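Using the hints, position chain S against chain R.
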Amino acid sequence: MALTKRQRARVFRGVQYGIGLLIVVIFALTANWANLKNAFFNVDVALSMFPRIITVGLYNTVIYTALGFSVGLVLGLVLALMRLSTVRVYRGLAIAYIEFFRGLPALLVLIAVGYGVPLAFPGTIFDKYTALAIGLGIVASAYMAETFRAGIQAVPAGQVEAARSLGLSSGRTTSFVVIPQAFKIILPPLTNELIALTKDSSLALFLGSTIAEQELTQMGRIALNTSKSLTPVVVAGFCYLIITLPLGYLSRYLERRTGGAKISTTPESISVGGPA
Amino acid sequence: MAGPSKLRVLALLPALAIAVAGCGNSETPSGNTGGSSGAAAPNVQLVNAGQLTNCTGLPYKPFEFEDGGKVVGFDIDLMDLVAKKLGVKQEVVDTPFDGIQSGADFNSGKCDLSSAGMTITDKRKENIDFSDPYFDATQALVVKKGSGLDDLAKLKGKKLGVQNTTTGQEYAEKNAAGAELVTFEDLGLLLTAVETGQVDAGINDNGVLYDWVKEKTGFEVSKEFDTGEQYGIGLKKGNADLLKVINDVLKEAKSSGEYDKIYEKWFGKKPE
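Each protein sequence line maps, in turn, to chains R and S.
In terms of my numbering, the first sequence opens at residue 1 and continues consecutively.
In terms of my numbering, the second sequence opens at residue 1001 and continues consecutively.
Pulled out of the complex, with its shape left as it was, chain R reads as follows (with noise of 0.2 Å):
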């Protein structure tokens, strides 16, 4: 044994590059390079794809995950406060719902909303924002629940104790001392959801759509039928890149911010609002 400590991980560092270069020459070489240009960056197909591409998919993507995050926010809030309640029903409640749709394919409860909901109560339709804004909703509170959950418990439980001893009644506790330091601490986790939501309101297309009411993903297959070319899916994928990556600077930003509170994700028996 020749080698000290340092030369062997040279020598593995090495191998390791090594390996690498060989998995990315293989690629190169064994790649169709003129079919993937044509097929994936055909430059008149990228370009007969704008200005609509923007104004119609890129917005209609952006206003369904709005509409989805924000009903999932307030829903998400509600459940995590049920879920801590001291109210075993409640408590109940709160579980059997999340679990339910967490467990469950956004495509799936999108289809129940759009379709099914209407089948069960002749004459109620929903219009496509107000389907995706309740579908896209109750899966975005499913997970957001959790996450509030966890951020209330990790709210230090000497501020529910002072804030009671100075007067205020638990719920004026809750809403006022620990909801807005419980928000500060989810702020990261919270743009993760945003960013996987942006993602699932693609499944938007199984509801049916008029030419304006298209998002992202649906125009890209449309024109993908049309082009004869991927180049439509690509530029399709980098335009939810636009709206992803700033996103994901944002969360890390923000968990530079907050100190990078670390938060438990399983539950713990402490109950918001103190005792009852």
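Simulated from the structure, these hints should not be mistaken for laboratory data.
It is possible that some hints are incorrect.
Unchecked claim - Once the Cα atoms are required to be at most 25 Å apart in a straight line, the calculated PhoX-like pairs of lysine-lysine come out as:
id : chain 1 : residue 1 : chain 2 : residue 2
1  : R       : K37       : S       : K1110
2  : R       : K128      : S       : K1154
3  : R       : K128      : S       : K1156
4  : S       : K1110     : R       : K128
Unchecked claim - Quick look at which bits of chain S chain R covers, simulated, 3 or more residues with Cβ under 8 Å:
id : segment
5  : 1159 to 1165
6  : 1184 to 1195
Stated by the list, open to error - Not the full set, but computed from the structure, chain R residues with beta-carbon under 7 Å of chain S:
id : residue
7  : Y115
8  : P118
9  : L119
10 : I125
11 : F206
12 : G208
13 : S209
14 : T210
15 : N225
From a predicted model like this one, the values you see are computed outputs, not experimental measurements.
In this text, a Cβ means the ideal position worked out from N, Cα and C, and glycines have one as well.
Positioned in the frame of chain R, the structure of chain S alone reads:
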């Protein structure tokens, strides 16, 4: 032994796996093109040895739909004849329609052919080859009974449901000026939207719509548009061997009466 370097070796494993998988992939195509095609009398190369892989878009009743865990229908029975001729079994793959008509499903080696109630059009011919026509179809309008919507002109300002990438969608885009077109991914969702009233009318091929209103008595086919469309079996561009087998089978079936028998089984009457 030093702990850290052991860990480094472990970290290499995924990279190695990828490298090995990469090598494997680059070799398989050349290995497959050997003589291991279907054991058929006619010299036809099949994407999966021993089976005729049929890409279709479900549901499209009565041409292809699921019944009791099996895909059945008029198209499926016809393709069983082709499979029989080749001495193999038919395997049905459900795939989005855009993959079929763009030729991607054939070019990527996913399927041998597609019987999907697909109209022969010049645009589709640019991407795939078609067999001889095997079915005459026209576009039709399905509406709630008594709605009086029996022409495209009356749909001005109303919502008309179309199925994405179909000839019905094309027809509506050209001829239903003033109607608001709502695009659905498949026939099932389109018809549900008609049933719930999300759209005022739906346009699709007459065969599937007549089949639907048989069960949904509150709805009717209010208008047929004589578009003179014909269905063809789609396959990879330039696959002349398979094309010949399909055309031969269709011809034989029509002359032997087998075609009429299958037609009657799914449409309840003999072809006119």
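Status of the hints after comparison with the structure:
1. Distance restraint check for R:K37 and S:K1110: the Cα-Cα separation of roughly 22 Å lies within the 25 Å cut-off, and the hinted pair is therefore satisfied.
2. Our distance criterion of 25 Å between C-alpha atoms is met by R:K128 and S:K1154, whose separation comes to about 24 Å.
3. For the hint linking R:K128 to S:K1156, the alpha-carbon distance of about 20 Å falls within 25 Å, and the restraint holds.
4. Distance hint between S:K1110 and R:K128 is unfulfilled; the C-alpha atoms sit about 34 Å from each other, more than 25 Å.
5. Residues of the segment 1159 to 1165 of chain S with a Cβ under 8 Å from some Cβ of chain R number 4, which satisfies the need for three, so the listed coverage holds.
6. Judged by the Cβ-Cβ criterion of 8 Å, the segment 1184 to 1195 of chain S is covered by chain R as claimed, because 7 of its residues qualify and three suffice.
7. Against a cut-off of 7 Å between C-beta atoms, the interface hint on R:Y115 holds, since the closest Cβ of chain S lies about 5 Å away.
8. Taking 7 Å as the C-beta contact cut-off toward chain S, the hint placing R:P118 at the interface holds, the least distance being around 4 Å.
9. A least Cβ separation of about 6 Å between R:L119 and chain S falls short of the 7 Å threshold, and the interface hint therefore holds.
10. Evaluation of the R:I125 hint against chain S yields a held restraint, the C-beta minimum of about 5 Å falling below 7 Å.
11. Residue-level restraint check for R:F206 holds (minimum Cβ-Cβ distance to chain S is 5 Å; threshold 7 Å).
12. The criterion of a C-beta within 7 Å of any C-beta in chain S is met by R:G208, whose closest approach is roughly 4 Å, and the hint holds.
13. Nearest Cβ of chain S to the Cβ of R:S209: about 6 Å, under the 7 Å cut. The hint holds.
14. Checking R:T210 against chain S: minimum C-beta separation of about 5 Å stays under 7 Å; hint holds.
15. For R:N225, the shortest C-beta to C-beta distance to chain S is roughly 5 Å, which falls under 7 Å, so the interface hint holds.
Hint 4 alone, counting from the list given before, is not met by this structure.
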